[in-house]
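Student: Here are the chains, one letter per residue:
Protein chains: 4
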Amino acid sequence: MPDNNFAERSEEQVSGAKVIAQALKTQDVEYIFGIVGIPVTEIAIAAQQLGIKYIGMRNEQAACYAASAIGYLTGRPGVCLVVSGPGLIHALGGMANANMNCWYMERCMSPPISMAETSAVCTAASVIRNAKQPLLIIGKGAAYAHAEESIKKLVEQYKLPFLPTPMGKGVVPDNHPCCVGAARSRALQFADVIVLFGARLNWILHFGLPPRYQPDVKFIQVDICAEELGNNVKPAVTLLGNINAVTKQLLEELDKTPWQYPPESKWWKTLREKMKSNEAASKELASKKSLPMNYYTVFYHVQEQLPRDCFVVSEGANTMDIGRTVLQNYRPRHRLDAGTFGTMGVGLGFAIAAAMVAKDRSPGQRVICVEGDSAFGFSGMEVETICRYNLPIILLIVNNNGIYQGFDTDTWKEMLKFRGATAVVPPMCLLPNSHYEQVMTAFGGKGYFVQTPEELQKSLRQSLADTTKPSLINIMIEPQATRKAQDFHWLTRSNM
Amino acid sequence: MPDNNFAERSEEQVSGAKVIAQALKTQDVEYIFGIVGIPVTEIAIAAQQLGIKYIGMRNEQAACYAASAIGYLTGRPGVCLVVSGPGLIHALGGMANANMNCWYMERCMSPPISMAETSAVCTAASVIRNAKQPLLIIGKGAAYAHAEESIKKLVEQYKLPFLPTPMGKGVVPDNHPCCVGAARSRALQFADVIVLFGARLNWILHFGLPPRYQPDVKFIQVDICAEELGNNVKPAVTLLGNINAVTKQLLEELDKTPWQYPPESKWWKTLREKMKSNEAASKELASKKSLPMNYYTVFYHVQEQLPRDCFVVSEGANTMDIGRTVLQNYRPRHRLDAGTFGTMGVGLGFAIAAAMVAKDRSPGQRVICVEGDSAFGFSGMEVETICRYNLPIILLIVNNNGIYQGFDTDTWKEMLKFRGATAVVPPMCLLPNSHYEQVMTAFGGKGYFVQTPEELQKSLRQSLADTTKPSLINIMIEPQATRKAQDFHWLTRSNM
Amino acid sequence: MPDNNFAERSEEQVSGAKVIAQALKTQDVEYIFGIVGIPVTEIAIAAQQLGIKYIGMRNEQAACYAASAIGYLTGRPGVCLVVSGPGLIHALGGMANANMNCWYMERCMSPPISMAETSAVCTAASVIRNAKQPLLIIGKGAAYAHAEESIKKLVEQYKLPFLPTPMGKGVVPDNHPCCVGAARSRALQFADVIVLFGARLNWILHFGLPPRYQPDVKFIQVDICAEELGNNVKPAVTLLGNINAVTKQLLEELDKTPWQYPPESKWWKTLREKMKSNEAASKELASKKSLPMNYYTVFYHVQEQLPRDCFVVSEGANTMDIGRTVLQNYRPRHRLDAGTFGTMGVGLGFAIAAAMVAKDRSPGQRVICVEGDSAFGFSGMEVETICRYNLPIILLIVNNNGIYQGFDTDTWKEMLKFRGATAVVPPMCLLPNSHYEQVMTAFGGKGYFVQTPEELQKSLRQSLADTTKPSLINIMIEPQATRKAQDFHWLTRSNM
Amino acid sequence: MPDNNFAERSEEQVSGAKVIAQALKTQDVEYIFGIVGIPVTEIAIAAQQLGIKYIGMRNEQAACYAASAIGYLTGRPGVCLVVSGPGLIHALGGMANANMNCWYMERCMSPPISMAETSAVCTAASVIRNAKQPLLIIGKGAAYAHAEESIKKLVEQYKLPFLPTPMGKGVVPDNHPCCVGAARSRALQFADVIVLFGARLNWILHFGLPPRYQPDVKFIQVDICAEELGNNVKPAVTLLGNINAVTKQLLEELDKTPWQYPPESKWWKTLREKMKSNEAASKELASKKSLPMNYYTVFYHVQEQLPRDCFVVSEGANTMDIGRTVLQNYRPRHRLDAGTFGTMGVGLGFAIAAAMVAKDRSPGQRVICVEGDSAFGFSGMEVETICRYNLPIILLIVNNNGIYQGFDTDTWKEMLKFRGATAVVPPMCLLPNSHYEQVMTAFGGKGYFVQTPEELQKSLRQSLADTTKPSLINIMIEPQATRKAQDFHWLTRSNM
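Protein chains in written order, with UniProt numbering: chain P, 1 to 496; chain E, 1 to 496; chain B, 1 to 496; chain Y, 1 to 496.
If you are wondering where the hints come from, they were derived from the structure by calculation, not from laboratory data.
The structure displayed is predicted, hence computed values, not measured ones.
Mixed in with the good hints there might be a few duds.
The list treats identical chains as interchangeable, and a pair is accepted whether it falls inside one copy or across any two copies.
PhoX-like, lysine-lysine: derived pairs with alpha carbons at most 20 Å apart [stated by the list, open to error]: (1) 234 to 18; (2) 417 to 25; (3) 153 to 218; (4) 469 to 417; (5) 25 to 234; (6) 458 to 469; (7) 256 to 266; (8) 18 to 417; (9) 53 to 417; (10) 359 to 159; (11) 132 to 18; (12) 469 to 266; (13) 469 to 153; (14) 152 to 417; (15) 218 to 159; (16) 458 to 417; (17) 266 to 132; (18) 359 to 417; (19) 218 to 132; (20) 159 to 276; (21) 446 to 256; (22) 289 to 446; (23) 159 to 283.
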């Protein structure tokens, strides 16, 4: 740190900082996340004086992830403020490219709206009408375009089955009767027409290829980004334009002739049966009484108490994947997870950003941040940030003592008897029975260490009831939980 | 994380991993630091089977910093193992460039040794003999070249005053009678001949320019790197070559004619007087009884109990700068700090690397890691790593509730009464009275919260005595300590 | 060149080449420009066997520029084929990024068509109707979108004055009565509503800022690229979509209510008067009998004989700028110039690409390539390529013995008497009286060295009449022509 | 070109230019190569006023290649001055990286000299003494280090056979009795000890691997660059240091005990016999009377008249490779060729740089630039630069109508009868019988078109006699010359 003398800051720095802060204000910036250091401190102070909120973070990575979430949540630019040099390099984890001390995570102005070509809309409507086994897939792009009204109307008016992608969850509520999330694999595999609303055929959607799809499935792709159209699979129809505007065009076109996809079709029956059997299987697993708990038991209890209006943030491996199938979203843009790239370390930054938005826009609203124990390690020190700003966050750590899986304390101790830990400890193991909840109590928040369904229920109830401080619930599960899950192969991600 | 199914790892991955692990073994790799994930897990396991030690970290940044320290400490390559994609980007904080899943932090083979040109050595010896006010500056390069024997001989045989740079500390012990560290500014300012042993004229040495130096000071630069010679200042003599080999050449040349720099010269007297007065001033400050403690009180008590053979790792602003002047090093390559770039977040990674080396090479040896409270936040979750491997580390957090400075609890509470924290909390403030020691107890280590000299002494004594587990001492100091320090301008870094 | 043994090419190279060639064919590639070398030769041969045309160039820069023009001219991808290593680096002049031996200069498939939001079209139509002093600016984007029909209809139906940008010339013919190119500065300065069709407010359009524009001018921006909307100036209305489709939407909207911009308005009168006076001034200058000729004399004679259907390619400083105001385009996508970045060296590559297209699609059609003498030097050796393939190109070199300006032979000789050329020759001077036409005769083409209007007329006539070989006319002008031009400040680019 | 108004240059530009020019002067810059454009023109003018020579080039590529040669030739920095933007990208062909308008091609100051470790020198001397079949390889690094005196002494005093690499030619004259270039393959294949003086084991030296070398050959590597030591092959001894200084150390060590490698050893006999038979075969080919000429006939005639002190610059495929074996160098640093990467387009830039140096330092000295016809095309327009500055360059174009090989005129015409040239012309063909010499006469130089040995002899004699202007000799050879050469496989590069 070449210069740390806070008192010696120059006039030039101060006035330069004011100019930058004013520019940020003009761009409608509401939140800055950062780590101060000369000369960035001045900018933060100047921004506060103009009414911009400054959230001091503990590592540049988390600051960047927080800033990147703001644009998605509010449509306004999020700013990450770090010192150049090492700080900037740290921040690269959250940024693809940057060459200044501060930058914007999203466009500043809402872009003009474009619509699809009329004739293409016409073709798309016709393809949908003639579908035998139609399916809508609702992606993050639909959430980003605020297309919830129009897509919900489409679903309900024509009785079309739909699936959300991870961040498309909540555009239409997960508990909607047309949601076929619990029969995901079946729906993908047998659909003959699939309409993608801002969803991309990446690995999460198995690239749109057989055997996960019919070889002759017709894709209708609705997207704002011309470059994304036709990647991996050549769509039957492409509708380039603002997703909300295009969905309205589709509705208008379909409205011209009365029509509805028959709710008692064989396709609907197949899907409903599959959903029923999958849900029964999950429920059975969730109701197991054996200890330590398994993932399903944990998530069913969480789901029972989950407030309808909360933000859900999540990262981890099984924690994120299984949690996503059980925890329901009822509102658009209320789920943030590690997403397409599976980037670890995003959770607490995202949760902090969501909590700032919740606090300012809907007092009383909560952020539930569901972390694997390994995932929590990437940015756990941000708990101090959460306590410092007293943010309405409930952290759940689903703790299996490792990455993918770990050992219980007895096995661990036995293992260490032979030789040193660095020689014999499998690389995916973490310390068993870590008391992560103390990382919360260290900073004045509330911490819980829970091992049974009853303790989990109680701690959740207390956390939700106490709106005066953040809390962390450290939930011990079976360290080898993954293995068991694999016995039920229909439970793994690709078969739901 | 596109694929997290540990059980489904392919034959190809396993055998590919073995090849890589064998290659690392052939390159003499002893330690790998990393975060596993498919397909990197296989490499870690294969490496363990070949006797390479694997240390699982919590964030790629810390893993990289740890790996980068290994080369300096052992002369063998340190390896950082991360998943490509987001993990690799996280790891960039510790690497200037990288394009593979794993790489080496240092050359694999010891390079051939080069020597300086004979005539240049001759000239340098003559310049030294004719110096009125000579000074040696011992840098990190001298430590890296294992030049301790030859440089110590040079210092003692010719009675030359010397100064170490931060990571040059310990090449000759800090308590050596020829060490003039306590009169640093004076020595730099009035020397007429300065010999740089692997030290560079960067900002830490004020670029070698007036008014911190005589305008006509003659620099003799001893360095292995041709590109570094003559940066900023044109040296009078440059000796390009291996620093140990060149120092031996210098000794041989000086030995040809009996000579010694007079220990009772005016220059030595001036320096001794200045050292005496500076030390007295520091001691007075250190002996202050007022609470909360100041930096000097803290460091004097730490120094009193500091084991002679320990590693000292440090990062922070004032914590690192003031600590460096008080805490003494007696061995080469036993101090690691945030160094030239002041990179925050290196401390725990460095400490873990040093602890691995200590544990394996000198059982009983300790690592003292001195962190500012803000600095600790960058990688504090690595405390779990420390506990998991039960590493011989004592963490000292010098806690002033902020970056550079913070507030006490009362001021903090008063401040929050007005509006929300994000609006009024100065950007450099952290939560007051954070119980960082609980981050240690959460994982089974020993934690201390200390507010008085007596508590500090006692906790240090206990930590040093208990060799069964790591500990963390959270030392509360005056939150506005910086300000006070500035009243005594002779205490700031540049005047010691 | 690590391996130049043509006979030793491996089976693998041959079959790999066939795969690549087939892929290019599948992508509808019609032309490849390149420089061969192992292993690229095989690809070129395999491509020829599949009916793709291969044009061997003399420098990778020109090859890339040629390939980049093909997409614009034909809507199909142009390919540049170079050896990796040094060849690839040479080629970077024509490419922003590339990491393979071959790549495409344009998207392969025509993208889906998007339209503007209906309400925005409505607003735009209303703004146009209410304009007092409207102006259309037709840019390269309009040409690229093949919007000539719809824009011409808009101009003619509503009697709106329009200006083309350099590469927008010809979308509506330059000699159209509504074209106000000859009153460019006036039109920009006083318009109250400006509709931009695929034109961007960059330096060529003075960034859309006062004093070149009214401070309260309303811009309506029609563009396919959301990122370009609102740069520099905040538009009153933005119409995001395919430019042709959006223009049709505009026409449809305006058609709803009969309306026309009054052809006898004060605005039209002002513009017509300014055009008249500017044209008179240019004509006077063009008719000057003094020798050497000036730019205007040269271009007026060229314009007199310019075939209506020819391609015009141009690069240079004054040569390009003044030539653009005099030489008329009557067809869309028939002008290619150094454009926004003023890149020197693009001319011959562009001309070769245009000539290939002309030869294949409209036999008899000619390419007129107007080069400054300095500009010609960047890729003059491509004349051999032109002769080798016997391309229908007439090269005009407007030769003032320098960059911006030069010296006549006498001054040059006088100057050299003093000291060596490298000491006294001004950096912008080239050799006076260079016989560039011999670079054409060296390869069997026809060359002319002309110094008078009569010689220019005659050589043009002969070149146009002789369809059996390419020709180059080296036109000597006043070396200090720029200076004279500056006396007539209304002649400079920004005041026309 | 955003602004080309030369007259409007601002005061700021002028004074900024002066500062830059003065900085270049201070750095001892003697030559600047560039292409002007605002704001670079000002810098060029300011530099000329300070006595720096400015050479205006026609393409940035050539400018960069010229600048890069200056450091090698003079030991002082060469500067390339181009406009940022497109010009800078063009210039990348000559630069690995650059981010400013101007930069230096070499270090500014001569670096300090380092020596090898005494014990390593001792070992190396012992290995050399015990060699049965020793060989020295003299590389570009030896030339760069000005090690000609010391290496020649080593060769002569100990009677050691040596081979030069392409740019190591002339460090010891090619006609020295110890030079075994004519038995290159044999020497490499059977040597038991090889000392590399600044030569690297890259593809030119077959990576130092069997079967081109004995599996147990011992390499002694003398190099200034630690990173280069031990690449590809692990050397028996490495001597790190300045090559001249280290060679002197070696001489000193070997001098301690009288010794000489026996000139009548079996190794010397083998090498001499092989050289004799290879030379006889080459001579026979060279003496062939059939027309068109072959490569050997051409080069033997050139060699006969080659001035002892000339610079030889060369690029091309067979032209460079075969020419290198026939054309002899007698002085160090007097050969420049396309080198390790085989970069095409470097020839004229290198020749211009060498000619500037020749003109200024040894008036009367000539530069012979030997180009393949394809190679000439990359930067042929620089002939105007050569004429403008009247540089003492003789360009030889060895013209086989193509890249690697081409067709004669009759075959060419026959071929075109079928379909268009782009469909049937093989990609490696260029126009037959191109009169490249007219590219020289176009600018006032002397041009020759030669088809017989007699014409070649005569044109060479005239070119060398006429010191008033540059000349270009366009030498027609058998278009399929490569094929014939392959009948004599002992003539190819790897068997000489």
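Student: All hints are to be evaluated individually against the structure, with a verdict given for each.
Tutor: Taking the hints in turn, this is what the structure says about them:
1. 234 to 18: Close neither inside one copy (51 Å) nor across copies (24 Å); limit 20 Å.
2. 417 to 25: Neither: 60 Å inside a copy, 25 Å across copies.
3. 153 to 218: Neither. Shortest intra-copy (22 Å) and inter-copy (38 Å) distances fail the 20 Å Cα cut-off.
4. 469 to 417: between (42 Å within a copy, 16 Å between copies)
5. 25 to 234: The answer is between: 17 Å across copies meets 20 Å, while 44 Å in one copy does not.
6. 458 to 469: Answer is within; shortest intra-copy Cα gap is 17 Å, inter-copy 34 Å.
7. 256 to 266: neither (26 Å within a copy, 48 Å between copies)
8. 18 to 417: neither (61 Å within a copy, 26 Å between copies)
9. 53 to 417: Between copies only: 17 Å across chains, 52 Å inside a chain, cut-off 20 Å.
10. 359 to 159: Answer is neither: 37 Å inside a copy and 56 Å across each miss the 20 Å cutoff.
11. 132 to 18: neither (62 Å within a copy, 41 Å between copies)
12. 469 to 266: This pair counts as neither: shortest intra-copy Cα distance 51 Å, inter-copy 65 Å.
13. 469 to 153: neither (39 Å within a copy, 62 Å between copies)
14. 152 to 417: neither (60 Å within a copy, 44 Å between copies)
15. 218 to 159: For residue 218 and residue 159, the Cα distance is within 20 Å only inside one copy (19 Å; across copies 46 Å).
16. 458 to 417: neither (38 Å within a copy, 32 Å between copies)
17. 266 to 132: within (9 Å within a copy, 63 Å between copies)
18. 359 to 417: Result: close only across copies, 17 Å inter versus 50 Å intra.
19. 218 to 132: within (11 Å within a copy, 51 Å between copies)
20. 159 to 276: within (19 Å within a copy, 67 Å between copies)
21. 446 to 256: Classified as neither: same-chain Cα gap 57 Å, cross-chain 67 Å, threshold 20 Å.
22. 289 to 446: The answer is neither: 27 Å in one copy and 36 Å across copies each exceed 20 Å.
23. 159 to 283: neither (27 Å within a copy, 72 Å between copies)
Checked against the numbered hints given earlier, this structure breaks hints 1, 2, 3, 7, 8, 10, 11, 12, 13, 14, 16, 21, 22, 23; the rest are met.
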